[in-house]
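> Assembly of the complex is requested from the two constituent chains, each provided in isolation within its own frame, with the hints serving as guidance.
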Amino acid sequence: DAKTTQPTSMDCAEGRAANLPCNHSTISGNEYVYWYRQIHSQGPQYIIHGLKNNETNEMASLIITEDRKSSTLILPHATLRDTAVYYCIVRATPYNNNDMRFGAGTRLTVKP
Amino acid sequence: KAGVTQTPRYLIKTRGQQVTLSCSPISGHRSVSWYQQTPGQGLQFLFEYFSETQRNKGNFPGRFSGRQFSNSRSEMNVSTLELGDSALYLCASSPGTDEQYFGPGTRLTVT
Numbered sequence: 001d002a003k004t005t006q007p008t009s010m011d012c013a014e015g016r017a018a019n020l021p022c023n024h025s026t027i028s029g030n031e032y033v034y035w036y037r038q039i040h041s042q043g044p045q046y047i048i049h050g051l052k053n054n055e056t057n058e059m060a061s062l063i064i065t066e067d068r069k070s071s072t073l074i075l076p077h078a079t080l081r082d083t084a085v086y087y088c089i090v091r092a093t094p095y096n097n098n099d100m101r102f103g104a105g106t107r108l109t110v111k112p
Numbered sequence: 113k114a115g116v117t118q119t120p121r122y123l124i125k126t127r128g129q130q131v132t133l134s135c136s137p138i139s140g141h142r143s144v145s146w147y148q149q150t151p152g153q154g155l156q157f158l159f160e161y162f163s164e165t166q167r168n169k170g171n172f173p174g175r176f177s178g179r180q181f182s183n184s185r186s187e188m189n190v191s192t193l194e195l196g197d198s199a200l201y202l203c204a205s206s207p208g209t210d211e212q213y214f215g216p217g218t219r220l221t222v223t
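For the record, the sequence lines run as chains Z and E.
Under our numbering, the first residue of the first sequence is numbered 1, with each subsequent residue one higher.
Under our numbering, the first residue of the second sequence is numbered 113, with each subsequent residue one higher.
The shape of chain E in the complex, shown without the other chains (with noise of 0.2 Å):
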């Protein structure tokens, strides 16, 4: 089986813009989880979408938001950016057990 994919791998935006980014789950998985990681504050849950509903969210602000698709690829958006969103941002998926499989990561840089 193909792992998760996430895209794009790197990227570079400046402050007071917006991105997307996306994940494709491993073939079966149904559960897709967003991660932020950064040096100082290490691995941080974003949110969780299950069947296209949101089903966990962590402590971001409603800058950060999320969907997924019937096909169960999930997308997350960040607008108004700023220097401290920069970080690695990582998607897992899940077949629904606690096993977590993670992608590659897209590291944002916000400049």
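Just chain Z, with the same shape it has in the complex (with noise of 0.2 Å):
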């Protein structure tokens, strides 16, 4: 029962904004956007994560549309390092780790 639809994959060139989408229609108001990563056999990494308001930090952007049904992660100049699976979740707040759960997320390839 996914909350969250992302593209299977999509690939990117070295040096340009990869932009990934994420449509959450569902989404209640209590409910955060996170973006995590997932490099080969390695843990997810915590990316970013917001509420309503557009958000940055050192390793990218994260777009919420007004009506906060759709969401994009921008990371500005993705480099080949950035080849990995993105996952797009909602958790509600107070946090309940059970909404940690990640569906297939988007296999972002950067390549030279």
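Just so you know, these hints were derived from the structure itself, not from any lab.
Just so it is clear, the structure is predicted and the values come from calculations on it, not from any experiment.
Incorrect hints may have been included.
[Stated by the list, open to error] In silico lysine to aspartate or glutamate, EDC-like type, Cα no more than 20 Å apart, as pairs:
{"no.": "1", "chain 1": "Z", "residue 1": "K111", "chain 2": "Z", "residue 2": "D82"}
{"no.": "2", "chain 1": "E", "residue 1": "K125", "chain 2": "E", "residue 2": "E194"}
{"no.": "3", "chain 1": "Z", "residue 1": "K52", "chain 2": "E", "residue 2": "E164"}
{"no.": "4", "chain 1": "E", "residue 1": "K169", "chain 2": "E", "residue 2": "D210"}
{"no.": "5", "chain 1": "Z", "residue 1": "K3", "chain 2": "E", "residue 2": "D210"}
{"no.": "6", "chain 1": "E", "residue 1": "K169", "chain 2": "Z", "residue 2": "D99"}
{"no.": "7", "chain 1": "Z", "residue 1": "K111", "chain 2": "Z", "residue 2": "E31"}
{"no.": "8", "chain 1": "Z", "residue 1": "K52", "chain 2": "E", "residue 2": "E211"}
{"no.": "9", "chain 1": "E", "residue 1": "K169", "chain 2": "E", "residue 2": "E211"}
{"no.": "10", "chain 1": "E", "residue 1": "K125", "chain 2": "E", "residue 2": "E187"}
Shown next as structure tokens:
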């Protein structure tokens, strides 16, 4: 019973911005949007999260639509090391780890 | 700071055996959560420990258990292993906020 949908795979040229979309049309008012990524043979890595305002940190930017039904993770200058599976999830607050359900995610391949 | 460490990284067991996995959280983190990740089911939450007490539990059978020690290190145990228990078992520590920091995982293969 997935709360988010993401494209299965995407390619991006090295040095260009990678824009990864996520649909979460049934998101409720107390749910945040979280992004994680998992590089092959490693544990998931937290990237960013937000409620309704756009967020930016040293890794990425998160753009959330005004109706909160979708969001886009932006990696401004993708490198080969950004090749990974990216997961978008929604989590309520106070947080419940049962919400940490990763689906198939988007497999991003950064090409030279 | 050192990251979350998990031991062993790889493990092969046979059906019916039991296994214990270990996790050392980031220094200062008191919350440790365990997850199972499989290609078919994705990531699923097992349980969370905070200050040696189980604070939250996922929907797994009683064969899966865990504990946390006073130094925040945690172990999880799976008894009577089944083929379907083959998975990547991930541990994540948290300072008490919503951010979770994952370890590299233990890949368990049950034959």
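> State for each hint whether it applies.
Status of the hints after comparison with the structure:
{"no.": "1", "hint": "Z/K111 - Z/D82", "verdict": "holds, 10 Å"}
{"no.": "2", "hint": "E/K125 - E/E194", "verdict": "holds, 10 Å"}
{"no.": "3", "hint": "Z/K52 - E/E164", "verdict": "violated, 35 Å"}
{"no.": "4", "hint": "E/K169 - E/D210", "verdict": "holds, 16 Å"}
{"no.": "5", "hint": "Z/K3 - E/D210", "verdict": "holds, 19 Å"}
{"no.": "6", "hint": "E/K169 - Z/D99", "verdict": "holds, 12 Å"}
{"no.": "7", "hint": "Z/K111 - Z/E31", "verdict": "violated, 34 Å"}
{"no.": "8", "hint": "Z/K52 - E/E211", "verdict": "holds, 18 Å"}
{"no.": "9", "hint": "E/K169 - E/E211", "verdict": "holds, 18 Å"}
{"no.": "10", "hint": "E/K125 - E/E187", "verdict": "holds, 17 Å"}
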